[in-house]
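Numbering (numbering that gives the first Met the number 0) for the sequence shown: 0 to 274.
Source of the hints: derived by calculation from the structure; they are not laboratory data.
Be aware that one or more of the hints could be misleading.
Derived Cβ-Cβ restraints for the label pairs, each shown as a range [what the hints assert, rightly or not]:
| no. | residue 1 | residue 2 | range |
| --- | --- | --- | --- |
| 1 | L214 | R15 | 40 to 50 Å |
| 2 | R15 | E39 | 17 to 27 Å |
| 3 | R265 | R243 | 31 to 41 Å |
| 4 | I130 | R183 | 27 to 37 Å |
| 5 | N106 | L210 | 49 to 59 Å |
| 6 | L271 | E207 | 49 to 59 Å |
| 7 | W148 | L204 | 23 to 33 Å |
| 8 | R100 | R15 | 15 to 25 Å |
| 9 | N106 | P129 | 36 to 46 Å |
| 10 | E207 | P129 | 32 to 42 Å |
| 11 | A258 | E207 | 45 to 55 Å |
| 12 | G68 | A246 | 24 to 34 Å |
| 13 | R243 | L150 | 35 to 45 Å |
Owing to the predicted nature of the structure, the values given are computational and were not obtained by experimental measurement.
Just so you know, even glycine gets a beta-carbon here, dropped at the ideal spot from N, CA and C.
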Amino acid sequence: MTSGVAALWSHRNSLRILVRRDLAVKYQQSVLGYFWSLIEPLGMGAIYWFVFGVLYSSDTGRHLGEAAGSYPLFLITGIFAWMWTSSALSEATNALTGQSRLITTMNVPRQVFPIGRVTGRFAEYAAGLPILIAIAVIYAVHGRIHPGWSLLSLPLAVAVQAVLLTGLALLLSAWNVLMRDVERLMRLIIRVLFYATPIIYPLSLVRESGLPGWLKVVYELNPLVGIFQLHHAIWYPDEFPDARLLATTIVGSVLVLAAGWWSFRRLEPAVLKEL
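Work out the full structure: start from the sequences and follow the hints.
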């Protein structure tokens, strides 16, 4: 894995070119261009705010605590990070099947292609950070949030999420070449993960629910749970994951990366033969 990372680093310019090409192709015939990376999460945030912040405001407020007075910010923070996750997983799954000609002609590590999809979607997430910060400033001025040291949660959340998504991208892209059902299966899994992760609701809602204890343990084994807690903790320090959840998240993400890298290298000959 160390030699693979070194080879990947030596071809970082190729990765940069691929990311720029993917972004250019994605928005080349779009009037609004990169603004779509902002419009979609903001639109989703408005819908969920209307449902849970207006129609079910009393039920939502009981569990949000500190975040009740700034629920739109809570929503947007989670949805922006989710768009990076869902888009990266969807596009990385067919990163190899959709670029077979490049893969068989370019002399670069094949990991560049799925990792490029993760990096490209991170660029879209980063483009939305100024909007997120502007919303947070408005709530901070009105005393609805009190960010401080918890702002340091942002680089930690981004780093752990990048590790997890990279591992999943390597794993899914390789398996999808050999079994095309993976792409269809991921559409279902991504929908399930959205509601099985504390994005639009706080983790306390799950912990205080009547679910069986074993099911709560399984729920928190999902590394995305701790990752989204870190994202919410940027503005709401009380949402920072406890030591057990944080350790589970970091260790789980690193294990996924190791498994993804190992699987990609083991399957690479079969993948190239299939392509």
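Structure-based check of each hint:
no.: 1; hint: L214 / R15: 40 to 50 Å; result: holds, 43 Å
no.: 2; hint: R15 / E39: 17 to 27 Å; result: holds, 25 Å
no.: 3; hint: R265 / R243: 31 to 41 Å; result: holds, 32 Å
no.: 4; hint: I130 / R183: 27 to 37 Å; result: holds, 33 Å
no.: 5; hint: N106 / L210: 49 to 59 Å; result: holds, 51 Å
no.: 6; hint: L271 / E207: 49 to 59 Å; result: holds, 50 Å
no.: 7; hint: W148 / L204: 23 to 33 Å; result: holds, 25 Å
no.: 8; hint: R100 / R15: 15 to 25 Å; result: holds, 20 Å
no.: 9; hint: N106 / P129: 36 to 46 Å; result: holds, 38 Å
no.: 10; hint: E207 / P129: 32 to 42 Å; result: holds, 35 Å
no.: 11; hint: A258 / E207: 45 to 55 Å; result: violated, 33 Å
no.: 12; hint: G68 / A246: 24 to 34 Å; result: holds, 31 Å
no.: 13; hint: R243 / L150: 35 to 45 Å; result: violated, 23 Å
Hints 11, 13 from the list above are not met by this structure, while the remaining hints are.
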